[in-house]
Amino acid sequence: MSTQCLLKLGIVAWYEANKTYVANVLCENKARPQMKCNGKCYLRKQLNKTENTQQENQIKKVSVEWLDFIPASHIMLSGIFPTSSINHTDNYKPIVGCNIVSSIFHPPSVF
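Per the numbering used here, the very first residue in the sequence shown carries number 1; after that it's consecutive.
Hint data in this document are derived by calculation from the structure and do not stem from the laboratory.
Just to be clear, a hint being listed does not mean it is correct.
Said to hold, decoys possible - Below 27 Å or equal to it, Euclidean Cα-Cα: the simulated BS3-like pairs (lysine-lysine) are:
(1) K49 <-> K19
(2) K8 <-> K49
(3) K30 <-> K40
Using the sequences provided together with the hints, build the complete structure.
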């Protein structure tokens, strides 16, 4: 909702900054100056287009949000990922009794 408000504000600000250009070039009623449209028809058209786009995006969001409610217990992934036939064994052997650090790092000797 706030995005829609900011977008409309941007359109109105652009219209106000370029009012003479819109009235002289983009206005649909520039041939009829007695209507005193001054490009407001173009502004209305742009705001309606923005509103329609936002409504379409909201409908799309609702349809996507339903995916969040699928319980994980109903998802079957066994056929999607290949299974590995490699036997994973631990080849890690802990180093016990090795005191390399204390033989290298020692405080400096005093003269």
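> For the pair supplied as a hint, K49 and K19, is the alpha-carbon distance within the 27 Å limit?
Replying inline: holds, 19 Å
> Are the Cα atoms of K30 and K40 separated by 27 Å or less?
Replying inline: holds, 11 Å
>> Would the hint linking K8 and K49 be met if the CA-CA limit is 27 Å?
In response: holds, 10 Å
The earlier numbered hints are all upheld by this structure, with none contradicted.
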